[in-house]
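2 protein chains.
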Amino acid sequence: MLTVLPVQEAQERILRSLEGFTLPEVWVPTSETLGRVTARPVVSPEMVPAYARSTMDGFAVRAEDTFGASESLPALLHLTGKVPMGQAPPGKLGPAESMEIATGGMLPEGSDSVVMVEYGEILGGQVAVYRPAAPLENVLSAGEDYRPGDKVLPAGHQLRPQDLGILAALGIAELQVFSAPRVTIISTGDEVVPPEASPGPGQIRDVNGLTLSAQVRESGGEPAYRGIVRDDAEELKLDLVHALEEADVVLISGGSSVGTRDVTARVIDDLPGDGVMFHGVSMRPGKPLIYGAGAGKPVFGLSGNPVSAMFGFLLFVKPLLRQFQGLKPFQDYPPYVEALLDTNYSSPGGREDYVRVVLYPGSPGSHGADEVDLPRARPVYGGPGLLNPVVQGDGYFVIPRDSEGLNKGVRVKVFTW
Amino acid sequence: MLTVLPVQEAQERILRSLEGFTLPEVWVPTSETLGRVTARPVVSPEMVPAYARSTMDGFAVRAEDTFGASESLPALLHLTGKVPMGQAPPGKLGPAESMEIATGGMLPEGSDSVVMVEYGEILGGQVAVYRPAAPLENVLSAGEDYRPGDKVLPAGHQLRPQDLGILAALGIAELQVFSAPRVTIISTGDEVVPPEASPGPGQIRDVNGLTLSAQVRESGGEPAYRGIVRDDAEELKLDLVHALEEADVVLISGGSSVGTRDVTARVIDDLPGDGVMFHGVSMRPGKPLIYGAGAGKPVFGLSGNPVSAMFGFLLFVKPLLRQFQGLKPFQDYPPYVEALLDTNYSSPGGREDYVRVVLYPGSPGSHGADEVDLPRARPVYGGPGLLNPVVQGDGYFVIPRDSEGLNKGVRVKVFTW
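As they're listed, the protein sequences go chains B and W. Be aware that the first sequence starts at -10, since it is given in the working numbering, and climbs by one per residue. Be aware that the second sequence starts at -10, since it is given in the working numbering, and climbs by one per residue.
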């Protein structure tokens, strides 16, 4: 039970234990899908744009009628009308004819290009065109953006503003997305009191209820905080059974001492299901992570130390919440800030080290030319029980298990909070 | 009126026009402040932790009583009790005495360090300590995280999960944050119909209502979509006057043609206030940006092209919404993904070019050793009227005004959507 796993193996075991499982699909109005994840591929039902549109103010023409036109020898075309915005053109365009058209206007049948207003001049019932137009010039063709049957969005895609835009353009007013994972958070510990209480001697206020709820929200889940439970196996079991009825995932934080961690593990083992799958991960902070399943649902035992619990969430709970929502557990290209480490940093080795840092501007001239502009990363020291290094800090970088530290001046990728 | 400004100058003019102006402060329960911005500095009212706590399971001791202890010659201390979790220790610790203590327990007065349980052994009423403890070893001192009067958070700080955590630890149940900016969005155009309508010939569905609303939400604002207004100065003016009564910022999108843009500009000029301050920015996409003030409030005229409107929002509206909320207009260290451009890319020069790209894994061996792992960035071509390049794409990089393009293989910073 007390196997300590490398981070990546722990992640794989968690994700594998629920492989292929996603939350139920729900229909949601498109306007409320920002950040949600598509449950089905979206296929274009129609052309976008539905008809050829002008991208400039000017004159709709047949390109061939303008070939050879110049300042000194303009093509003279018969002006047969004006395309009204939001309506069909007043008619077709015949040879040597032209119509006035504004940006966004519908090209009349027979025309294939638009001469910019700067290069045409109305002279009575005629338009003098001073430059030749190429076919399709200043035109957005019908279906140039999307055609019927085109894949618009794959399943498992997290919706961004532009995705809502194309759904609007296609007239898709609602769509199937995965439900948001419901995550219940239980804080444990005889010493823990609610944030609004005045702690007596030996007591502390609960921190993890708020931080974990906020992290759940940032990960697309719906947090439910069940409050504080004593270090008592029967009480915890009762609470966990209730939590498992409503939640998709349960987080139990607390139990920094071996004895109380054992209570959490025992309670998970007591439930029907696979029980504790592993206990402990070789990382700092966050080593004492418990993962198991109760009643077929994942239960995490996170450290009572706020910083350990935060990293436990980031590394293990968040990927699972992503998988539950139909996303890849890890982003393909997570954004970061490149910085130069501003000091030698030694690491214990044998476990992944998540180093909290502050970023500040680089001082020109102190490094190679292309590196002058990189910001500097200063480690903020402090154990997992101190909030200061994560509150002061801008983010963290990772030292791998097989490294015993990094030298001053190396590039690090800082993942910002 | 038709001065075309460089991006940075346009940004500066907008921000300067409302310098020092922030939205009203409101009291909000700490649990609901994720992503909001502190209106006042938060100063610690108390010690965190309030008392010295053990960070290990073991024995509270006076370090001096263990000096010289070893496996062969343990220090023998009198075991005087056990510290209960969540309560004061049963008494003080005298010379040559020790108490059992669990992680998180309150150190008894007189003790200054904790011997890990692995290095102590209970023998009847005594504890044999096999290793010397250093003063403060395995102890979190009172006030080590925060002391009364310490600055916890500055004003103008966007609240993250760990910030909510320290507020909980300090017993701060609510705090003053800046109001969320209310942003009203008006779509204009005789050709524009609501997303749920079936467009007739010459008509298109409104896209910008949804994309801009989503962008407002991502920027911490509260969007209100007023629907579609005809290209008519009187109608637009009426709508704008109503919008300005309730909103902090108004976005008018549409008017791709010169004529309709002029309507927007004229309406802004007609209102009491500074009128149009500039019209046009040297960038692509997004050139035809209008900025002005009506009734003392900022009004943006964004392009009707969805992609131009999106970039207009990102570059000009978002910084202002940040400033309104008390944040710096631009992030100090915006995260990005470094990638290698996978093709030569030429840029018109004379304006900033926002190049939409897709990211994909790099192929090992094709570049220098340290670059092998960088992803590749492939530009997704298409005018500002096409949504496909931003829906397919992962983000964008920027080519500065004075550059006429980039060569294949150069490093670019991709800002992901």
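Worth flagging that the hints you see were computed from the coordinates, not collected in a lab. Just so you know, not all the hints are guaranteed correct.
It does not matter which identical chain is meant; a pair holds if it fits inside one copy or across any two.
[What the hints assert, rightly or not] Simulated crosslink set (DSBU-like; lysine-lysine; CA at most 35 Å straight-line):
{"no.": "1", "residue 1": "K286", "residue 2": "K226"}
{"no.": "2", "residue 1": "K317", "residue 2": "K71"}
{"no.": "3", "residue 1": "K71", "residue 2": "K276"}
{"no.": "4", "residue 1": "K397", "residue 2": "K81"}
Evaluated hints:
Taking the shortest alpha-carbon separations for K286 and K226, only the intra-copy value of 14 Å comes in at or below 35 Å, while the best inter-copy value is 57 Å. Taking identical chains as interchangeable, the C-alpha atoms of K317 and K71 are never at most 35 Å apart, the minima being 52 Å within one chain and 48 Å between chains. Proximity of K71 to K276 under the C-alpha cut-off of 35 Å is restricted to the inter-copy arrangement: shortest distance 26 Å between copies versus 73 Å within a copy. In this assembly of identical chains, K397 and K81 lie within 35 Å of each other by CA distance neither inside one copy nor across copies; the values are 72 Å within and 46 Å between.
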